[in-house]
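Chemist: Let the hints inform the model, and build the full structure from the sequences given.
Listed below, chain by chain, are the residues.
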Amino acid sequence: MILIRLIILSLFIFNTTLADTIYNLIKIPNLEIYETKTENKLRYLYAKQPFTIGLDNNINCYDSKKTLLDKKYQIIKKNLDKYDQEFLKKINLKYIVLCEDLSISNINTAGIPDNMMKTLILDIKFNEKYFERVIHHEVFHIINDSFKELFSEKIWSSFNIKNFNYAKCSTCTDKLGLETYVNTNGFFSEYSQSTASEDMAEVFSHLMIGVDKVKVDPILKKKIEFIKNNLFKIDKNFIL
Amino acid sequence: MIKKIKASRSEKIILIFIITLALFSFGSFFYIKNKCLFIKNYDPKKITFDNPKNIAILNVPCGNVIIELYPEISPNAVKRFETLVRSKSYDNVAFHRVIKDVIVQAGDLEFGKKETIDYGKIGTGKSGLGTISSEINTPFNFDKGSVGLARTQRYNTEDSQFFIILRDEPLYETEYTPIGKVIYGLEALKKIKYLDKSEYVLRPDFINSLRMLVD
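Protein chains in written order, with the working numbering: chain A, 1 to 240; chain B, 1 to 215.
Please keep in mind that the hints were generated in silico from the structure rather than gathered at the bench. Just to be clear, a hint being listed does not mean it is correct.
Said to hold, decoys possible - Label-pair distances were calculated between CB atoms; the ranges are:
no.	chain 1	residue 1	chain 2	residue 2	range
1	A	I155	B	N137	19 to 27 Å
2	A	S157	B	T157	43 to 51 Å
3	B	K100	A	S157	53 to 61 Å
4	B	N208	A	K66	45 to 53 Å
5	A	Y62	B	P170	20 to 28 Å
6	A	D70	B	C36	43 to 51 Å
7	B	D101	A	K27	52 to 60 Å
8	A	K228	B	N51	44 to 52 Å
Glycine included, each C-beta is placed from N, C-alpha and C at the ideal position.
Modeler: Below you can see the structure in the form of structure tokens.
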């Protein structure tokens with residue numbers, strides 16, 4: 001018994017201070033650099049071990065195999081390369097964290113944006129069909145969080161038909177479908193109908209990916225103009 | 001009559017061996033205690049610099065650390081640093097945050113002075129000159145020996161605290177304001193006192209002096 005105690009005690013005594021630069025910068029443990037030499041200065045990090053963060057330790061994500069990481073990195077980078085360094089600086093986005101099975105309060109999610117920490121966590125295992133679109137969807141949340149005054153939910157909601165009401169939060173509704181409507185009715189997808197900010201993010205992400213096959217209705221046209229005008233206010237050179 | 005016993009040859013060898021061992025142990029006790037034993041102390045007077053007015057000499061327990069400042073990269077930060085150096089504000093200030101082979105940080109003028117050190121507040125002190133804006137837009141390679149101004153979690157909160165990195169830190173670019181690089185004497189910084197279990201050092205080492213080469 002004494003021996004066991006001594007062994008346990010020695011673990012504490014000889015547990016040295018590890019300098020985790022990434023943790024000091026963005027407060028997420030167990031990350032390593034994947035790529036930093038990018039044209040738009042985004043820094044890509046990956047989980048070398050699972051991590052848990054959040055006020056109540058309610059955000060979890062896991063490490064993934066290198067093959068999947070390498071494959072998904074190419075897709076993510078291709079999409080995020082659409083944003084130049086100046087724009088990313090304005091919206092306060094610098095770190096992209098790649099991990100898998102990302103969840104918040106046990107609800108799986110494609111990404112978690114944190115403009116204060118300049119970080120976007122992405123689930124690289126998220127549904128392949130919508131993967132590229134959700135990257136831009138999450139980027140919009142960073143944009144929105146950084147320019148709250150521009151993206152007024154009151155104005156946005158006024159574009160919808162009179163009796164339409166959004167849910168109180170994106171997880172307090174069962175409108176979670178991401179399939180793009182062929183015939184829109186003010187919304188690009190079912191998920192657009194969850195909250196105003198998710199609706200904006202859906203419009204933005206569809207614009208980034210391209211909406212050639214979609215028949216855009218007058219309400220959606222107003223929404224698209226709203227997004228475009230406000231992005232122009234943030235960065236005159238931003239191309240949609 | 002006492003009969004004299006002559007030591008055998010092998011006994012003599014053992015005796016000599018024991019005496020040698022004792023001398024070696026005694027001598028090494030003093031040598032090993034000297035942590036600066038193999039650290040070269042650079043004399044700035046014997047070195048020719050391209051820009052002598054941008055050279056600062058940081059004297060630490062194991063000798064001189066010679067820093068070249070880069071006013072063209074971070075003019076305001078270098079100006080602040082020089083102001084504090086010229087007023088000798090950094091003398092006797094603690095290296096309060098040290099991680100072995102990673103970083104040394106000093107410059108808390110309020111709570112880090114040798115005479116009035118406050119372990120409860122060290123690292124949070126101010127210079128009294130106010131904060132300055134971060135200068136992070138110019139590309140800078142934060143490799144081993146880079147010197148930067150420390151800040152809080154927010155930008156534009158740089159004041160008097162500075163750090164020197166002992167390994168490459170590529171993620172520091174566009175995060176921290178660079179002010180210069182150590183060009184001689186980095187080894188002396190590796191001997192600054194650190195703790196195994198904490199970044200913050202109890203009974204830390206202090207800056208002996210920090211001066212500009214040209215007054």
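Chemist: Compare the structure with the hints numbered earlier in the document and write down the numbers of the violated ones, lowest to highest.
Modeler: Violated hints: 1, 2, 7; rest satisfied.
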